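Chemist: All chains should be built: construct the whole structure from the sequences, respecting the hints.
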Amino acid sequence: MKETDNRNKVIVRTSVIGIIANVFLAAFKAVIGLTTNSIAIVMDAVNNISDAASSVITIIGTKLAGKEPNKKHPFGYGRIEYLSAMIISILVLYAGVTAFIESVKKIIHPEQPDYSVVSLIIVAVAVLVKIILGLFVKSTGKKVNSDSLVNSGSDALLDSIISASTLAAAAIFLIFHVSLEAWLGAIIALVIIKSGFEMLKETLSKILGERVDAELARDIKKTILDYEEVNGVYDLVMHNYGPDSYNGSVHIEVPDTLSADDLDKLLRKIQVNVYKTHNVILTAIGVYSYNTKDPEAVEARKKVNEIVSEIPNVIQMHGFYLDKAEKTVRFDFVVSFDAKDRSEVYKEVCSKVQSEFPDFKLQVTMDTDFSEEE
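All residue numbers for the sequence shown refer to our numbering, where the first residue is 1 and numbers rise by one.
Just so you know, the hints here were simulated from the structure itself, not pulled from any lab data. Note that the structure is a prediction, hence the values are computed from the model and not measured. Among the clues, some could well be false.
Stated by the list, open to error - Simulated pairs of lysine-lysine, DSBU-like, Cα-Cα distance not exceeding 30 Å:
{"no.": "1", "residue 1": "K340", "residue 2": "K303"}
{"no.": "2", "residue 1": "K67", "residue 2": "K206"}
{"no.": "3", "residue 1": "K269", "residue 2": "K63"}
{"no.": "4", "residue 1": "K71", "residue 2": "K269"}
{"no.": "5", "residue 1": "K71", "residue 2": "K206"}
{"no.": "6", "residue 1": "K67", "residue 2": "K201"}
{"no.": "7", "residue 1": "K302", "residue 2": "K143"}
{"no.": "8", "residue 1": "K302", "residue 2": "K276"}
{"no.": "9", "residue 1": "K269", "residue 2": "K361"}
Modeler: Okay, structure coming up:
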């Protein structure tokens with residue numbers, strides 16, 4: 001809880017800095033743009049206002065996301081941060097579309113800009129401020145895993161390029177007496193629109209639910225495999241309820257000699273250790289037992305693994321157990337998302353294994369590679 005509070009304070013503090021900086025920049029640019037009759041600088045000022053609004057949304061989203069879980073939302077409100085990031089993306093899109101419309105109007109009805117040395121110096125300073133602010137906000141966002149801050153930082157860096165472009169247009173006008181203001185405004189607007197679409201796409205992807213980070217999955221499995229009773233870790237599934245907030249389930253493979261009491265102690269240790277080490281709550285741990293007493297069963301496991309491994313798009317096999325008394329062979333296998341027809345892969349696996357063990361009944365489960373490494 002303390003780590004979460006510190007994270008939220010960092011996000012709010014960084015956002016407040018962004019608001020103050022953008023409001024001042026917007027005010028200066030608006031005055032310069034209106035006095036010099038520069039549509040590009042005016043559009044740049046509007047973009048700064050949208051950045052300040054983005055920071056306000058980030059603060060609101062962070063505060064709401066920090067609410068304690070309750071009966072209606074037992075997993076908390078962490079996903080609100082993704083919604084705030086989505087709103088920021090939409091704001092960026094809106095700013096881009098507005099800027100494009102205004103720029104087109106100026107292309108149709110052009111006006112000559114009137115630059116001064118002071119105005120250009122102020123714009124140059126604004127470029128430096130935006131670069132520093134963008135790098136600061138983006139790096140902070142990555143440190144605390146805040147999509148809203150990362151989006152705001154990326155937008156600020158884009159703004160610095162936009163402001164630098166207005167300086168270039170001013171230089172061209174002063175040297176060659178050719179006004180590129182409106183055309184530059186249109187290009188800037190298209191860049192903003194593209195950036196907004198990319199931000200929105202990334203945020204929507206997280207709301208839909210993405211595959212767990214491969215490094216985190218590896219680390220969790222390694223933590224569980226450190227227990228000598230655990231022979232394998234499989235079927236790790238994690239559900240994201242906001243940045244750094246995961247609930248999940250996993251299967252472990254243990255020898256068939258463990259008692260229920262031994263298993264209970266082991267599972268509790270694993271749950272506590274995974275939470276302390278990775279801040280992931282394992283709500284369920286399934287158990288696969290593997291044959292240790294029957295050499296024939298051990299050989300059968302090796303044989304089935306060889307058969308399954310030769311079939312395209314099969315990533316791995318696990319959970320194998322041969323029961324002579326009930327004449328059953330049970331195992332799971334993981335199929336890659338690259339498979340064109342998963343049902344055909346399943347039929348092929350069952351067919352080949354059944355032909356090798358014709359007297360046994362198969363209990364085969366086809367798994368999805370939620371976190372398995374290919």
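Chemist: Work down the list of hints and note, for each, if the structure agrees.
Modeler: Status of each hint after checking the structure:
1. K340 - K303: 26 Å, holds
2. K67 - K206: Distance ~20 Å between K67 and K206 Cα, so the pair holds.
3. K269 - K63: Violated: K269 and K63 sit about 34 Å apart, past 30 Å.
4. K71 - K269: This hinted pair holds, its Cα atoms lying about 28 Å apart.
5. K71 - K206: Since the Cα atoms of K71 and K206 sit roughly 24 Å apart, the hinted pair holds (cutoff 30 Å).
6. K67 - K201: Distance ~26 Å between K67 and K201 Cα, so the pair holds.
7. K302 - K143: 45 Å, violated
8. K302 - K276: 36 Å, violated
9. K269 - K361: Between K269 and K361 the Cα gap is close to 35 Å, so the pair fails against 30 Å, i.e. violated.
Violated hints for the displayed structure, listed by number in ascending order: 3, 7, 8, 9.
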